[in-house]
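2 protein chains.
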Amino acid sequence: MGKEITSRATDYSQWYIDLVKKADLAENSDVRGCMVIKPYGYSIWEKMQQALDKMFKDTGHVNAYFPLFVPKSMFEAEEKNAEGFAKECAIVTHYRLKNDPNRPGKLMVDPDAKLEEELVVRPTSEAIIWSTYKKWIQSYRDLPLLINQWANVIRWEMRTRLFLRTAEFLWQEGHTAHATSAEAIAETKQMLDVYAEFAETFMAMPVIKGVKSEGERFPGAIDTYCIEAMMQDGKALQAGTSHFLGQNFANAFDVQFTNKEGKLEKVWGTSWGVSTRLIGALIMAHSDDDGLVLPPKLAPIHVVIVPIFKNEEELAKISTKAEGIAKELRKQGLSVKFDNRENLKPGFKFAEYELKGVPVRIAIGPRDLENGTVEVARRDTKEKKVVSLDSVVSEIQGLLDNIQQNIYDRALKFREEKVTKADSYADFKKILDEKGGFVLAHWDGTAETEGLIKDETKATIRCIPLDAKEESGACIYSGKPSNKRVLFARAY
Amino acid sequence: MGKEITSRATDYSQWYIDLVKKADLAENSDVRGCMVIKPYGYSIWEKMQQALDKMFKDTGHVNAYFPLFVPKSMFEAEEKNAEGFAKECAIVTHYRLKNDPNRPGKLMVDPDAKLEEELVVRPTSEAIIWSTYKKWIQSYRDLPLLINQWANVIRWEMRTRLFLRTAEFLWQEGHTAHATSAEAIAETKQMLDVYAEFAETFMAMPVIKGVKSEGERFPGAIDTYCIEAMMQDGKALQAGTSHFLGQNFANAFDVQFTNKEGKLEKVWGTSWGVSTRLIGALIMAHSDDDGLVLPPKLAPIHVVIVPIFKNEEELAKISTKAEGIAKELRKQGLSVKFDNRENLKPGFKFAEYELKGVPVRIAIGPRDLENGTVEVARRDTKEKKVVSLDSVVSEIQGLLDNIQQNIYDRALKFREEKVTKADSYADFKKILDEKGGFVLAHWDGTAETEGLIKDETKATIRCIPLDAKEESGACIYSGKPSNKRVLFARAY
Numbered sequence: 001m002g003k004e005i006t007s008r009a010t011d012y013s014q015w016y017i018d019l020v021k022k023a024d025l026a027e028n029s030d031v032r033g034c035m036v037i038k039p040y041g042y043s044i045w046e047k048m049q050q051a052l053d054k055m056f057k058d059t060g061h062v063n064a065y066f067p068l069f070v071p072k073s074m075f076e077a078e079e080k081n082a083e084g085f086a087k088e089c090a091i092v093t094h095y096r097l098k099n100d101p102n103r104p105g106k107l108m109v110d111p112d113a114k115l116e117e118e119l120v121v122r123p124t125s126e127a128i129i130w131s132t133y134k135k136w137i138q139s140y141r142d143l144p145l146l147i148n149q150w151a152n153v154i155r156w157e158m159r160t161r162l163f164l165r166t167a168e169f170l171w172q173e174g175h176t177a178h179a180t181s182a183e184a185i186a187e188t189k190q191m192l193d194v195y196a197e198f199a200e201t202f203m204a205m206p207v208i209k210g211v212k213s214e215g216e217r218f219p220g221a222i223d224t225y226c227i228e229a230m231m232q233d234g235k236a237l238q239a240g241t242s243h244f245l246g247q248n249f250a251n252a253f254d255v256q257f258t259n260k261e262g263k264l265e266k267v268w269g270t271s272w273g274v275s276t277r278l279i280g281a282l283i284m285a286h287s288d289d290d291g292l293v294l295p296p297k298l299a300p301i302h303v304v305i306v307p308i309f310k311n312e313e314e315l316a317k318i319s320t321k322a323e324g325i326a327k328e329l330r331k332q333g334l335s336v337k338f339d340n341r342e343n344l345k346p347g348f349k350f351a352e353y354e355l356k357g358v359p360v361r362i363a364i365g366p367r368d369l370e371n372g373t374v375e376v377a378r379r380d381t382k383e384k385k386v387v388s389l390d391s392v393v394s395e396i397q398g399l400l401d402n403i404q405q406n407i408y409d410r411a412l413k414f415r416e417e418k419v420t421k422a423d424s425y426a427d428f429k430k431i432l433d434e435k436g437g438f439v440l441a442h443w444d445g446t447a448e449t450e451g452l453i454k455d456e457t458k459a460t461i462r463c464i465p466l467d468a469k470e471e472s473g474a475c476i477y478s479g480k481p482s483n484k485r486v487l488f489a490r491a492y
Numbered sequence: 001m002g003k004e005i006t007s008r009a010t011d012y013s014q015w016y017i018d019l020v021k022k023a024d025l026a027e028n029s030d031v032r033g034c035m036v037i038k039p040y041g042y043s044i045w046e047k048m049q050q051a052l053d054k055m056f057k058d059t060g061h062v063n064a065y066f067p068l069f070v071p072k073s074m075f076e077a078e079e080k081n082a083e084g085f086a087k088e089c090a091i092v093t094h095y096r097l098k099n100d101p102n103r104p105g106k107l108m109v110d111p112d113a114k115l116e117e118e119l120v121v122r123p124t125s126e127a128i129i130w131s132t133y134k135k136w137i138q139s140y141r142d143l144p145l146l147i148n149q150w151a152n153v154i155r156w157e158m159r160t161r162l163f164l165r166t167a168e169f170l171w172q173e174g175h176t177a178h179a180t181s182a183e184a185i186a187e188t189k190q191m192l193d194v195y196a197e198f199a200e201t202f203m204a205m206p207v208i209k210g211v212k213s214e215g216e217r218f219p220g221a222i223d224t225y226c227i228e229a230m231m232q233d234g235k236a237l238q239a240g241t242s243h244f245l246g247q248n249f250a251n252a253f254d255v256q257f258t259n260k261e262g263k264l265e266k267v268w269g270t271s272w273g274v275s276t277r278l279i280g281a282l283i284m285a286h287s288d289d290d291g292l293v294l295p296p297k298l299a300p301i302h303v304v305i306v307p308i309f310k311n312e313e314e315l316a317k318i319s320t321k322a323e324g325i326a327k328e329l330r331k332q333g334l335s336v337k338f339d340n341r342e343n344l345k346p347g348f349k350f351a352e353y354e355l356k357g358v359p360v361r362i363a364i365g366p367r368d369l370e371n372g373t374v375e376v377a378r379r380d381t382k383e384k385k386v387v388s389l390d391s392v393v394s395e396i397q398g399l400l401d402n403i404q405q406n407i408y409d410r411a412l413k414f415r416e417e418k419v420t421k422a423d424s425y426a427d428f429k430k431i432l433d434e435k436g437g438f439v440l441a442h443w444d445g446t447a448e449t450e451g452l453i454k455d456e457t458k459a460t461i462r463c464i465p466l467d468a469k470e471e472s473g474a475c476i477y478s479g480k481p482s483n484k485r486v487l488f489a490r491a492y
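Top to bottom, those sequences are chains A and B.
Residue numbers for the first sequence follow my numbering, beginning at 1 and rising by one.
Residue numbers for the second sequence follow my numbering, beginning at 1 and rising by one.
If we strip away everything but chain A, and leave its shape as in the complex, we get (with noise of 0.2 Å):
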């Protein structure tokens, strides 16, 4: 079953495709752009979901939901935000279908059922929640507003790869609103903190934090922060983002509030996501040639429980301890399958596991019945040994936090290892070459610059790192004086 995945050394684009298909995460649908998340990978998604939901309600943020649909004169209300995402908008012009009279039991788009004013779909939703927030908010009593939205957006992208970029994809959409320009800049980083948090905990996978170039923002922010992971192809992933807004889409939706002085103040805001992106990136921080490697704190399975027969009778005996040590291994809060089936045999059902990321694979014969054994697989490294029956269900535990662990250790260590400094163009250049991975360099602050580099190497400014140091130079490129290393790298 392995052998289907090409490995990363041959393809690595293709070892990613080929993973995220065997393993039964997604696959293109036949709507252009969109895919289909099929069970295996929904049910991670949903793990992040717990996750994330626990987290933004432990920061006191609270769910809701706005509508799908943008007004297009709502939508181009924060001019610089409307033409960001312009280009790749979803449009309902049409509210209707009607019989087409040419093709009997055919549907055509209704002329007659034309909206005055079209709709966009959303793409994101700071127009649609700021033109309600105004409704929403007229004294400082009402500020905060830290809300929070699940939900599916469109974005009309012309290259998509599944889980990376896809037209539709899923995400959480934090939208909030303060009284404060400093109490907005602290939502912000507060949420980069979880989303780091988030990323290094469950997901075991190390990331910097810092804040976008101009040219990098999000449309409509005055500062864009990020968390950038590394692949271990050494390309850089942005896997969330989140934007202090200053008082501009306070501006275009004219929300004000009166401040305890009684005062007429605009709002201060911000907003923050994450997508099912972050499933492509997990894949790719960790998995290997042989299928995924999941984190346990987002594996939809812990531990599964293969047993090994010749026969019925065998099988019955197995399944009497198996059954035992699932019961006790459930009640500790894993999630936990027995394969019993019949028809496969026990090195199918192992590489079948692997491939899905399974940490923890129990596998039990008729010999270890004799000898009050069990074997134990732990997938990330896939080392093996032989457990009592007796202390099997008490190790359990801390064998997943001992992966959880040494996955993290494993990625930051891949991480600092792709983390160089150059101090030339022409290192800089050789460094993206040879090596990959992220660039520690002088730049001298200019889009100009930025762009020059960019078209030249097609690596980007992923960040300016929230821990850079002081530290005078020159520019890689321009030679102009520079205050601080920013972090370059081609990127997914």
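Mixed in with the good hints, there may be bad ones.
When chains are identical, the list treats them as one kind, so a pair holds in a single copy or across two.
When the alpha-carbon atoms are kept at most 35 Å apart in a straight line, the in silico DSBU-like pairs for lysine-lysine are as follows [claimed, not checked]:
id, residue 1, residue 2
1, K189, K413
2, K80, K21
3, K345, K54
4, K21, K57
5, K114, K87
6, K337, K382
7, K454, K106
8, K484, K337
9, K72, K114
10, K458, K345
11, K384, K469
12, K418, K21
13, K135, K331
14, K135, K57
15, K57, K327
16, K337, K189
17, K189, K266
18, K189, K458
19, K22, K321
20, K418, K484
21, K57, K345
22, K263, K22
23, K317, K57
24, K114, K80
25, K317, K384
26, K327, K189
27, K72, K430
28, K480, K72
If you are wondering where the hints come from, they were derived from the structure by calculation, not from laboratory data.
With chain A's structure known, arrange chain B on it following the hints.
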């Protein structure tokens, strides 16, 4: 605060709208027919989702996600389904906006970005899902497929009402595929039972299970099963449907499987759904002129603690006790709010939580501290009693259970009083006009009679109850023979 809500006796429709708005559940958006579900309303939906999702998973279903858009040629493949929804479809025709040369800073639909094939925004997902199932199903080993989707759908309704009928709504739609007709019918009925159990156990809303007449069937189904509830104004509300699709979608999308004997057969299907409409049903089933009455199992806040104090010192003492109680209740898994806002009077807070339907209110004043007591008030009956501080924590869960049961019993008693038999058309009309509710009457089984009764009385056949007894009689309209009574009502 309560006074701002129109009373049910004055104008039931206006009472409903007032309540939805004043209790901060939802509001109309600036997008025609689309609502904004506000945080408090959404938190009820989250409670519903959690309970239903668990019930779906406990019956072997998994979640997945399919595209929002359906290409027109795919949409029209199952002709009856397409015809049924054609008149209420939002249609995407373009994929880009561009700068409007006549309106600087504004946008227009780019005529060069017209889609070759229009996309229907899903009103329901049978078409897109069965076109996908075709790829997933080859053998009997691939069956059954038991998949659910949580999603938004669009049906272009001309007259909308918050929660009950909106252009966009949130729902879940189950879509299953089976090897035999019997298995698909069993699934259809199982999910009807799940919906009935959810309605009765969680929503505390008794329902009548039945099957729809041909005229009320889901377009593309062989049979539509439903649960019907009774609202306080004597009108019925369809609260959930479960459809046996036969092989209709397998025929439309050529979905076949090889059976155990190696022969090709068409796949059998079901689909079933409930939506945010249930929030409307929940409101109309239980609430009163002072606000929401929420069953504890779906209440976002179970208990509110309101301190009664004259000064900071009193508040401090009360807070210690209140926070102790809150902590203990939270350990039991309850959601508790301690409302220590200093600028609002207790009476205002009492009214607010009555409006919001919080099942239990605990008030603590200085005299309570002296006496070692608290005042506990239940929302459903408005009864108050003094409880000792020592026993309040241990009594709350029992009180919540009692409230859940009482709300159900009350609704059941009301519903039972609202089911009347009619044996003549004159009686039938009289009951509808004077008493309302469900009317059990004989019907000749023809669409013609059903249509005439609907035109003349606005009453529709809600369902043929599953527990209808065989009983020979004469159709109230045509006098033709009938072998069982069906359930009529005016309905939402």
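Here's how the hints hold up against the structure:
no.	hint	verdict
1	K189 - K413	within (26 Å within a copy, 54 Å between copies)
2	K80 - K21	between (38 Å within a copy, 33 Å between copies)
3	K345 - K54	between (41 Å within a copy, 32 Å between copies)
4	K21 - K57	both (34 Å within a copy, 24 Å between copies)
5	K114 - K87	both (22 Å within a copy, 13 Å between copies)
6	K337 - K382	within (19 Å within a copy, 49 Å between copies)
7	K454 - K106	between (49 Å within a copy, 30 Å between copies)
8	K484 - K337	neither (51 Å within a copy, 48 Å between copies)
9	K72 - K114	both (14 Å within a copy, 17 Å between copies)
10	K458 - K345	neither (47 Å within a copy, 63 Å between copies)
11	K384 - K469	neither (44 Å within a copy, 64 Å between copies)
12	K418 - K21	within (28 Å within a copy, 55 Å between copies)
13	K135 - K331	neither (48 Å within a copy, 38 Å between copies)
14	K135 - K57	within (24 Å within a copy, 40 Å between copies)
15	K57 - K327	both (31 Å within a copy, 18 Å between copies)
16	K337 - K189	between (40 Å within a copy, 28 Å between copies)
17	K189 - K266	within (21 Å within a copy, 55 Å between copies)
18	K189 - K458	within (29 Å within a copy, 57 Å between copies)
19	K22 - K321	within (31 Å within a copy, 58 Å between copies)
20	K418 - K484	within (19 Å within a copy, 76 Å between copies)
21	K57 - K345	between (45 Å within a copy, 28 Å between copies)
22	K263 - K22	between (61 Å within a copy, 27 Å between copies)
23	K317 - K57	between (47 Å within a copy, 29 Å between copies)
24	K114 - K80	both (28 Å within a copy, 24 Å between copies)
25	K317 - K384	within (23 Å within a copy, 59 Å between copies)
26	K327 - K189	between (43 Å within a copy, 30 Å between copies)
27	K72 - K430	neither (47 Å within a copy, 50 Å between copies)
28	K480 - K72	neither (44 Å within a copy, 57 Å between copies)
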